[in-house]
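Enquirer: Chains as they are written, first to last, in numbering that gives the first Met the number 0: chain A, 0 to 156; chain B, 0 to 294.
Errors might be hidden in some of the hints.
[As the list claims (entries may be wrong)] Below, simulated EDC-like cross-link-like pairs (lysine to aspartate or glutamate); rule was C-alpha separation at most 20 Å, straight line: (1) B:K267 / B:E251; (2) B:K268 / B:E229; (3) B:K267 / B:E220; (4) B:K1 / A:E17; (5) A:K20 / A:D2; (6) B:K268 / B:E240; (7) B:K1 / B:E48; (8) A:K20 / B:E48; (9) A:K20 / B:E220; (10) A:K20 / B:E8; (11) B:K1 / A:D28; (12) B:K267 / B:D254; (13) B:K267 / B:D177; (14) B:K1 / A:D29; (15) B:K268 / B:E251; (16) B:K268 / B:E220; (17) B:K268 / B:D258; (18) B:K268 / B:D254.
Note that these hints are calculated values from the structure, not bench results.
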Amino acid sequence: MADITMRINGAARTGSPEARKTLADFLRDDLNLTGTHVGCEHGVCGACTVIVDGRPVRSCLMLAVQAAGSEVTTIEGLATNGGLGPLQQAMWDSHSFQCGFCTPGFVMQATAFLSDHPDADEQQIREALSGNICRCTGYQSIIDGVLLAVERNRELS
Amino acid sequence: MKLPPVEYEAPATVADAVGLLAEHGDEASVLAGGQSLIPLLALRLARPEVLIDINGIDELSGVSAEDGWVTIGAMTREYVAEESGTVAEAVPLLAAALPLIGHEAIRSRGTIGGSLAHADPAAELPAVARALDAEFVVRGPSGTRVIPAAQWFEGFLTTSRSPDELLLEVRFPAANGDTGVSFEEVARRHGDFAMVGLATSLMFSDGTISEARLAFAGVSEVPARVTAAEDLLTGERPSAELFDEAARRGCEDLDPPADLHGSSDYRKKVAAAVMRRGLRAAADSANHRAARGSD
């Protein structure tokens, strides 16, 4: 075990995970950042998606030790002034989610995608979210929420 | 499931990695992007004693073009290759296949060398490498050797890399201007492994097909060239009838595997449809590339 340090949601965090510990388990078990959810544990469901150095990644398919020195953003990092971020608010307003298990993965994947494609259309959003599984909603309300965030961002700018 | 206990090494140079492979041999697994290996560990389908993590070896990443070849370092992430202007210009077949691999988050970590060393016959990159006759550069204790794609893929998830060798880079021949390409596939859902995929590259000369390269994914133990169709197409002018006949001839000897997504017969029918579509799309893309070149 080696000491590692990474920046998570803007703050330096240190730990000594076993090599076999995934980034997802490190976030949840060692750092108590339980907003990142663990579903299938083999990279299929997308619930554990976080942003590492600006890219969406499946945190169950990355070892914690591999994130040493990286900049990591989790769902806990999206709140602004203690309230919901703009994408979170738009998804709230669209009743995007039901049980909430898949929510952090969808929100982080959509956050990463919109940062590169702020004007994304519905088809692009569907494609970008196609690797995340939701068992409640039938997806339409999730797409609606992301589209609403795009519209609101467009009105602002 | 959680990963089983495993020793972990993170060499910083190729020399160190090759040394570790020499020491541990087939007790070690090389960890590149981890998008296949980590699931195999989680599911206990792979039980290496040591992981040799090559993510810290900077010299294994990068895309460069020289003397008609595009060389891609084994640790080059799939999204990096996807965004590479060199790949888009010089290896358009690879550029066509990359966006079809998994999902965006998978391509953030997944690597060119990792996918090709994993050698899943249903994956996109092995079919591309086989269609283009890519070359694989590996280094082991006895030095460096170059393995052509025809010999690289030996069986299901099996390559001719020996356990003490490290894949350094993969070389793809650059396409000339009068080449049309397509990667066609049928999957239950975008990003899933394809039931059938087809890498197609058609080179044209004065309106006739001077060279045809076709390789299937998902129909056999290794990515399979379709020589019967290639021979039929070569020297002919593109037409719907020609492509129909090539698809018929190219698929008649296929014996695809059956699984819960489709029977062998079904896959065979899908393969013929994919080939007709793929040939048309490749011919169209040649027209587009030619039109762009003459601007």
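Enquirer: Are the hints correct? Go through all of them and say.
Expert: Each hint tested on the structure:
1. B:K267 / B:E251: Satisfied, since the Cα-Cα distance of roughly 8 Å is no more than 20 Å.
2. B:K268 / B:E229: Holds - the C-alpha atoms of E229 of chain B and K268 of chain B are around 19 Å apart, at most 20 Å.
3. B:K267 / B:E220: Judged against 20 Å, a Cα distance of about 15 Å means the pair holds.
4. B:K1 / A:E17: holds, 12 Å
5. A:K20 / A:D2: holds, 13 Å
6. B:K268 / B:E240: holds, 17 Å
7. B:K1 / B:E48: holds, 16 Å
8. A:K20 / B:E48: holds, 15 Å
9. A:K20 / B:E220: Violated - the C-alpha atoms of E220 of chain B and K20 of chain A are around 33 Å apart, more than 20 Å.
10. A:K20 / B:E8: holds, 14 Å
11. B:K1 / A:D28: Satisfied, since the Cα-Cα distance of roughly 13 Å is no more than 20 Å.
12. B:K267 / B:D254: At roughly 7 Å apart (the allowed maximum being 20 Å), D254 of chain B and K267 of chain B satisfy the hint.
13. B:K267 / B:D177: Violated - the C-alpha atoms of D177 of chain B and K267 of chain B are around 30 Å apart, more than 20 Å.
14. B:K1 / A:D29: holds, 15 Å
15. B:K268 / B:E251: Within the cut-off at roughly 10 Å; holds.
16. B:K268 / B:E220: holds, 18 Å
17. B:K268 / B:D258: OK: K268 of chain B and D258 of chain B at ~15 Å, within 20 Å.
18. B:K268 / B:D254: Since the Cα atoms of K268 of chain B and D254 of chain B sit roughly 11 Å apart, the hinted pair holds (cutoff 20 Å).
Of the numbered hints stated above, those contradicted by the structure are hints 9 and 13, listed in ascending order.
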